[in-house]
Amino acid sequence: MATSTQLPPGPSGTSSQRAIGWVRKNLFNSWFNSVLTILAIAFVVWIVPPIFEWAFVKATLTPSIEACRAVSGACWGFVNANLRLIIFGVYPYDEQWRPLLAMVILLGIIIASLASVKYPRLQKLVLPMWGLGIPAIAILMWGGILGLTYVQNSSWGGLPLTLILSTIGVVFAFPLGLLLALGRQSHMPAIKTISVVYIEVIRGVPLITVLFMASVMFPLFLPEGVSIDKLLRAQIGIILFTAAYLAEVFRGGLQAVPRGQFEAGDSLGLSYWQSMRLIILPQALRLVIPPTVNSFISMFKDTTLVVIIGLFDLLGGVKLALRSDPAWTKYYVEGYLFAAAIFFLICYSMARYSAYLEKELRKGERR
Amino acid sequence: MSKTQQAPGGVRSKGLADYLNDENVRAVIYQIIAIGLVILAGWYLVSNTLDNLERQNISTGFGFLDLEASFGISESMIDYTPKSTYATALLVGLLNTVKVAFLGIVLCTIIGTIFGIARLSSNWIVRKLAAIYVETFRNIPVLLQLFFWYAIIPGAFPAARNALEPIPDVLMTNRGIYIPVPVADNAYEFMGIAAILALIIIYFVKKWADKRLDATGQPFPIVWASVGIFAGLVLVAYLAGGAPTAMDIPELKGFNIRGGYNISPEFLAVLIGLTVYTSTYVAEVVRSGIEAVPSGQWEAADSLGLKRSVSLRKIILPQSMRVAIPPLTNQYLNLTKNSSLAVAVGYPDLVSVSNTTMNQTGQAIEAISIYMAVYLGLSLITSLFMNWFNNKMALVER
Numbered sequence: 001m002a003t004s005t006q007l008p009p010g011p012s013g014t015s016s017q018r019a020i021g022w023v024r025k026n027l028f029n030s031w032f033n034s035v036l037t038i039l040a041i042a043f044v045v046w047i048v049p050p051i052f053e054w055a056f057v058k059a060t061l062t063p064s065i066e067a068c069r070a071v072s073g074a075c076w077g078f079v080n081a082n083l084r085l086i087i088f089g090v091y092p093y094d095e096q097w098r099p100l101l102a103m104v105i106l107l108g109i110i111i112a113s114l115a116s117v118k119y120p121r122l123q124k125l126v127l128p129m130w131g132l133g134i135p136a137i138a139i140l141m142w143g144g145i146l147g148l149t150y151v152q153n154s155s156w157g158g159l160p161l162t163l164i165l166s167t168i169g170v171v172f173a174f175p176l177g178l179l180l181a182l183g184r185q186s187h188m189p190a191i192k193t194i195s196v197v198y199i200e201v202i203r204g205v206p207l208i209t210v211l212f213m214a215s216v217m218f219p220l221f222l223p224e225g226v227s228i229d230k231l232l233r234a235q236i237g238i239i240l241f242t243a244a245y246l247a248e249v250f251r252g253g254l255q256a257v258p259r260g261q262f263e264a265g266d267s268l269g270l271s272y273w274q275s276m277r278l279i280i281l282p283q284a285l286r287l288v289i290p291p292t293v294n295s296f297i298s299m300f301k302d303t304t305l306v307v308i309i310g311l312f313d314l315l316g317g318v319k320l321a322l323r324s325d326p327a328w329t330k331y332y333v334e335g336y337l338f339a340a341a342i343f344f345l346i347c348y349s350m351a352r353y354s355a356y357l358e359k360e361l362r363k364g365e366r367r
Numbered sequence: 001m002s003k004t005q006q007a008p009g010g011v012r013s014k015g016l017a018d019y020l021n022d023e024n025v026r027a028v029i030y031q032i033i034a035i036g037l038v039i040l041a042g043w044y045l046v047s048n049t050l051d052n053l054e055r056q057n058i059s060t061g062f063g064f065l066d067l068e069a070s071f072g073i074s075e076s077m078i079d080y081t082p083k084s085t086y087a088t089a090l091l092v093g094l095l096n097t098v099k100v101a102f103l104g105i106v107l108c109t110i111i112g113t114i115f116g117i118a119r120l121s122s123n124w125i126v127r128k129l130a131a132i133y134v135e136t137f138r139n140i141p142v143l144l145q146l147f148f149w150y151a152i153i154p155g156a157f158p159a160a161r162n163a164l165e166p167i168p169d170v171l172m173t174n175r176g177i178y179i180p181v182p183v184a185d186n187a188y189e190f191m192g193i194a195a196i197l198a199l200i201i202i203y204f205v206k207k208w209a210d211k212r213l214d215a216t217g218q219p220f221p222i223v224w225a226s227v228g229i230f231a232g233l234v235l236v237a238y239l240a241g242g243a244p245t246a247m248d249i250p251e252l253k254g255f256n257i258r259g260g261y262n263i264s265p266e267f268l269a270v271l272i273g274l275t276v277y278t279s280t281y282v283a284e285v286v287r288s289g290i291e292a293v294p295s296g297q298w299e300a301a302d303s304l305g306l307k308r309s310v311s312l313r314k315i316i317l318p319q320s321m322r323v324a325i326p327p328l329t330n331q332y333l334n335l336t337k338n339s340s341l342a343v344a345v346g347y348p349d350l351v352s353v354s355n356t357t358m359n360q361t362g363q364a365i366e367a368i369s370i371y372m373a374v375y376l377g378l379s380l381i382t383s384l385f386m387n388w389f390n391n392k393m394a395l396v397e398r
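Residue numbers (full-length UniProt numbering), protein chains in the order written: chain E, 1 to 367; chain C, 1 to 398.
Simulated from the structure, these hints should not be mistaken for laboratory data. Possibly wrong hints are sitting among the right ones.
Simulated restraints, written as ranges between beta carbons of each label pair [what the hints assert, rightly or not]: (1) E:Q96 to C:P327: 39 to 45 angstroms; (2) C:N390 to E:K58: 51 to 57 angstroms; (3) E:K124 to C:N390: 55 to 61 angstroms; (4) C:W298 to E:R352: 25 to 31 angstroms.
Note that beta-carbon positions come from the ideal geometry of N, C-alpha and C, so glycine has one too.
Kindly generate the complete structure, drawing on both the sequences and the hints.
Structure representation (structure tokens):
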């Protein structure tokens with residue numbers, strides 16, 4: 001048969017023979033696949049060289065508008081010239097080492113927390129790290145003590161804001177989500193109803209409506225004279241929103257713990273909270289680490305929505321830079337690509353790690 | 001033991017402590033506390049809100065819906081002028097949301113399925129290209145993608161004067177794509193009715209064909225019969241309506257294009273952004289759905305001597321659908337909810353129109369409640385429909 005895929009058995013043959021064998025097996029094993037391969041190669045040849053040329057060969061990194069006008073490729077000079085505006089927003093220029101340090105601390109804690117799943121020695125450090133890290137970040141960002149000048153949170157922006165909003169969102173939503181998940185599993189009808197209604201209502205509406213509610217309706221909810229600023233309102237909206245999603249993640253974990261474990265707890269005479277704390281949650285939470293990381297990833301991406309209610313996160317930073325000088329306005333492609341690359345790097349690496357963890361955690365089940 | 005476990009015959013009377021230790025009594029107390037807290041919080045928020053509204057002289061209620069909206073909406077599926085009421089404006093927004101969400105769902109299903117299958121291809125280069133597509137677009141925020149498409153689309157096409165015409169009478173400009181549409185005629189209404197009628201007939205024919213297949217084992221070419229019934233009835237309705245041929249063709253008048261149907265850049269940006277983003281998730285759902293079917297099923301189909309296309313259609317897909325439907329529902333709901341991001345690029349969806357309404361009337365609570373209720377309703381309807389569909393597809397075990 002013409003489409004036979006018989007290969008020389010085993011790793012015998014020279015490397016070129018093996019390469020030909022690989023090509024035949026993976027690219028030309030049937031007439032349909034051969035056509036697909038040729039089409040795909042044609043597509044790659046058609047699309048990659050022009051993009052490569054645009055992005056690297058004919059591009060410039062020189063941070064001046066003249067240099068950009070002189071080249072026909074990408075104007076990375078726009079990003080280069082506005083890098084600090086994009087990354088840090090309108091945070092006072094001389095103080096920008098503070099959000100940078102805060103960002104490094106935050107990323108460090110996140111990485112350490114994620115790594116602790118693999119390296120149990122780190123596990124004892126996770127809670128203290130968050131306990132110390134969050135106040136440290138708050139001090140760095142706000143200042144006002146330790147000789148740091150006070151910076152209003154209306155001038156926070158850029159990547160640190162994106163990271164803070166999403167991380168604080170998930171960290172504070174964690175306990176609330178856990179309570180909601182337990183409430184949903186409860187035998188008490190009233191508590192179950194309250195939890196179910198909360199979870200389903202929040203999950204049924206888009207985040208942007210929650211953010212609009214936070215920015216427009218929260219001020220109406222508060223008594224006269226009390227006001228909280230826009231950033232905090234958005235943060236509360238994000239926490240309330242994330243909690244509903246985390247609750248469903250936790251519910252999945254709780255349901256995966258076999259009934260026998262609950263019954264074992266009962267038969268030891270443990271109270272509800274004791275058996276939860278000592279038996280159920282350690283097992284359930286271990287199972288939900290990968291989906292929790294996934295929730296964090298989607299929260300990280302969704303934080304960009306605060307642009308719509310007038311905060312300047314990383315995406316907002318790009319928009320600020322584009323508006324900073326009319327000459328730059330036409331280089332939006334470069335700006336958006338730069339922001340997209342940062343989001344991609346962070347989200348993709350976390351997603352890969354989460355997928356890896358999922359495999360690792362399942363190892364115990366395989367015999 | 002202080003715990004009285006329903007002592008037979010009431011050996012000793014229960015004290016207060018016994019009641020407090022009774023699990024059922026405790027449950028009631030906890031629930032009363034929980035409800036009390038919720039009511040208290042609700043009352044606190046409501047009373048604050050009423051105070052604030054009174055102080056700001058904002059009246060509550062939905063009376064504003066009957067007032068004249070007096071703002072324009074760039075695109076509308078129904079008749080709308082600034083003289084229409086706020087209620088009409090909100091309806092226009094809702095229809096725009098439904099339009100973009102519906103098309104997005106259809107397109108992302110098609111594209112997602114293609115890429116999901118491509119990721120499982122035995123062809124290395126196809127597999128890798130599909131993986132690059134999926135991993136790239138799912139790890140970039142959808143809002144960023146919307147901004148990107150919205151920035152790129154007007155720049156990619158020339159001004160109206162030099163409009164591109166890739167297909168005769170289809171004009172592509174920086175103000176969107178103009179396509180010719182038939183001039184309204186009664187015949188098209190007849191065709192709509194005929195199409196619905198055809199679907200009903202097809203439903204009964206399919207039922208009859210299934211019954212006959214079960215009873216006699218004789219297959220009936222249901223696909224061709226359906227196509228025939230549908231096309232035949234619609235064609236008859238078209239001819240009966242007088243076979244109108246008048247078309248509303250877009251053409252350049254001065255500096256602008258008149259006539260035809262305009263697909264605006266805003267709509268395109270939202271549609272492309274939502275479709276591309278969601279299709280990556282659909283691709284993953286499809287892939288895991290197919291992977292969830294044990295390879296023994298393929299082998300069983302092979303050993304029955306079925307063709308690969310038949311075994312895919314009759315054996316593999318029905319089983320993977322079962323796995324894929326719940327997460328697919330979630331993705332459709334996500335797309336519908338994400339369509340609210342249209343507000344960021346100026347596509348007049350429900351949220352965008354509501355916000356304009358809110359800014360003009362000051363009725364923040366009412367406007368936000370309306371769109372939250374609508375999204376909640378859409379979510380509920382979708383999940384009810386999908387639950388019904390899921391039950392229908394579910395494995396019937398004896």
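Comparing the hints with the structure gives:
1. As the Cβ distance of E:Q96 to C:P327 is approximately 42 angstroms, the hint placing it in 39 to 45 angstroms holds.
2. Between C:N390 and E:K58 the CB atoms are about 53 angstroms apart, so this pair conforms to the stated range of 51 to 57 angstroms.
3. In this structure, E:K124 and C:N390 break the distance hint of 55 to 61 angstroms, their C-beta atoms being roughly 44 angstroms apart.
4. Look at C:W298 against E:R352: about 29 angstroms separates their beta carbons, and that is inside 25 to 31 angstroms.
The structure fails hint 3 only (numbered hints given earlier).
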